[in-house]
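Q: So you can see what is in the structure, the chains are spelled out below.
Protein chains: 2
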Amino acid sequence: MTFTVKQKINVCNGKLLRMSHESESTGTTMDVNVYLPKQYWQCVRGNEALMKPIPTIYYLSGLTCTPQNASEKAMWQFQADKYGFVVVFPDTSPRGDDVPGDPEGSWDFGHGAGFYIDATKEPYSKNYNMYTYVHEELPRVLDQHFADTGKHVDFLENVSITGHSMGGYGALCGFLKQQAHYKSCSAFAPIVNPKNVPWGQKAFNGYLESKAEWDLHDPCELIKQTPREERRHILIHVGDADPFYEEQLKPQSIVEASQDTPWANKIELNIVAGFDHSYYFVSTFVPQHAKFHAEHLGLKEH
Amino acid sequence: MTFTVKQKINVCNGKLLRMSHESESTGTTMDVNVYLPKQYWQCVRGNEALMKPIPTIYYLSGLTCTPQNASEKAMWQFQADKYGFVVVFPDTSPRGDDVPGDPEGSWDFGHGAGFYIDATKEPYSKNYNMYTYVHEELPRVLDQHFADTGKHVDFLENVSITGHSMGGYGALCGFLKQQAHYKSCSAFAPIVNPKNVPWGQKAFNGYLESKAEWDLHDPCELIKQTPREERRHILIHVGDADPFYEEQLKPQSIVEASQDTPWANKIELNIVAGFDHSYYFVSTFVPQHAKFHAEHLGLKEH
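Residue numbers (my numbering), protein chains in the order written: chain H, 1 to 302; chain G, 1 to 302.
Hints in this document: simulated from the structure, not taken from any laboratory.
Bear in mind that the values here come from a model prediction, so they are computed numbers and not experimental data.
Among these hints, one or two may not hold up.
One copy or two, it doesn't matter: identical chains are merged, so the pair holds either way.
Calculated lysine-lysine pairs in the DSS-like style (CA-CA distance at most 25 Å, straight line) [as the list claims (entries may be wrong)]:
(1) Lys15 x Lys291
(2) Lys73 x Lys6
(3) Lys126 x Lys195
(4) Lys211 x Lys300
(5) Lys38 x Lys15
Sequences are here, hints too, so could you generate the full structure?
A: In structure tokens, the structure reads:
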């Protein structure tokens with residue numbers, strides 16, 4: 001349960017903690033970065049009376065990424081200080097010599113490509129339990145860990161989720177399956193309809209025992225079955241120069257799937273001209289996503 | 001003279017151009033990134049009357065870096081759009097199989113470590129002419145290249161310079177030697193007194209024919225000989241948790257050297273608590289440096 005803090009890095013007016021811990025769900029050591037904004041340190045120093053604990057945004061990264069990519073390139077930290085939220089950057093898969101990867105050594109399956117689902121197929125089902133890890137275990141153990149220093153952060157209830165590409169997919173799935181849990185969901189260039197695109201099909205074929213399970217992990221199917229609580233919204237940005245737009249992302253699919261459901265007109269899909277799939281794209285729209293989540297988390301600009 | 005545009009990347013409200021060109025000074029192909037802010041594209045589209053051409057900030061990167069590091073991690077782009085300046089990110093050395101590197105293969109000399117000086121010693125003097133490249137050739141050929149699309153950018157006169165670590169050193173040298181040229185200079189964790197620290201001594205021993213030349217390349221010596229034009233200032237930030245603080249940076253040295261010179265009290269040195277040497281540190285203080293340069297370039301917030 002205990003976290004090892006490997007590095008504490010000053011950035012903006014807060015600190016980024018590079019941590020690791022032994023995960024029950026994955027059976028491995030998992031890396032995770034947590035940005036604690038200036039408001040957290042003001043509380044720790046006792047300089048600020050806390051009306052309620054600081055909310056958390058979970059950011060799920062894309063294929064091949066570690067917690068470092070977004071920490072270094074997405075610039076959530078400026079926004080976290082502006083509104084007063086914590087940002088958690090989990091890893092994208094279990095890792096290690098004992099963890100099976102892709103037998104063909106590709107970058108879009110296995111290590112760095114856990115797809116945020118619980119695998120049901122051998123040999124992946126032992127370690128690849130990223131759904132349980134990200135949406136249940138990690139928030140719980142973070143809550144326990146930080147309880148020692150006072151209940152300054154809310155890792156469990158007043159929380160939102162976002163992500164990029166495979167991580168945007170992971171965010172949508174987590175939100176739609178547990179939407180009472182997350183106050184809002186956003187995504188940067190997400191895979192919205194994995195069962196119908198190559199990246200998703202490869203992941204589902206590899207991690208899931210039977211095709212009957214696929215719909216349980218596809219946002220375009222989930223959205224048809226998920227009741228919508230009031231004030232829940234989804235914000236999506238995708239660049240129209242994204243090289244994966246047509247083949248892997250097909251962002252219109254989720255808007256189409258949401259017609260005749262309570263989610264109709266509750267998904268704001270922005271196709272932005274000229275943007276690609278990189279962190280240049282992500283960092284450009286982080287301020288808009290931060291504002292969106294801040295509103296749902298009841299935060300105001302500081 | 002001609003640039004090849006390898007990639008044009010949308011970021012913020014402008015575009016980052018990844019370019020390369022054949023350099024006369026280095027005798028090699030040099031990579032350079034140029035961020036053209038939203039104001040540039042408004043001019044190109046003819047939507048905005050230009051009072052005067054858009055000024056330029058040159059950003060010199062540190063040891064081992066390419067134009068990519070700062071482009072991805074320093075977040076100058078937001079500031080460039082805010083005030084309306086172009087940012088140029090040159091490479092840190094000539095590169096290629098024909099370019100001699102460090103015989104010992106270290107990372108702090110040779111490829112990626114050109115130190116922004118003109119080498120006088122064989123075999124480096126043929127290619128390592130980074131002073132001439134950065135301060136003379138590059139501005140001139142950028143001016144020629146962009147003249148084709150109208151004189152929207154001022155690469156030559158209303159310009160400022162900044163940099164990180166070795167690049168902060170390069171910025172200080174260029175500013176002090178040609179200070180009529182740059183309107184202002186700032187530096188993130190610069191090497192201010194290279195002749196007295198290991199990184200600088202290694203570079204000077206390697207690139208310079210004789211020890212008699214060292215003072216010509218040391219900001220702490222240059223500052224004693226450089227007249228100060230009105231309105232010229234230097235802004236420096238260094239983290240006190242920077243692992244290179246004591247051995248390589250010694251930032252107080254330049255403030256001490258400036259006493260009894262026209263630069264006394266014209267250097268704002270900020271020792272910032274808890275910050276390290278990384279781009280987490282740089283990106284945190286880029287907004288302050290952008291504001292500083294904007295003031296010297298006659299720019300207002302847009």
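Q: Now, for every hint given, state plainly whether the structure supports it.
A: Here is what the structure says about each hint:
1. Lys15 x Lys291: Classified as both; 21 Å inside a copy, 24 Å across copies.
2. Lys73 x Lys6: For Lys73 and Lys6, both the intra-copy (20 Å) and inter-copy (21 Å) Cα distances are at most 25 Å.
3. Lys126 x Lys195: Cα proximity of Lys126 and Lys195: one copy only (23 Å, versus 57 Å across).
4. Lys211 x Lys300: The answer is neither: 45 Å in one copy and 59 Å across copies each exceed 25 Å.
5. Lys38 x Lys15: within (8 Å within a copy, 32 Å between copies)
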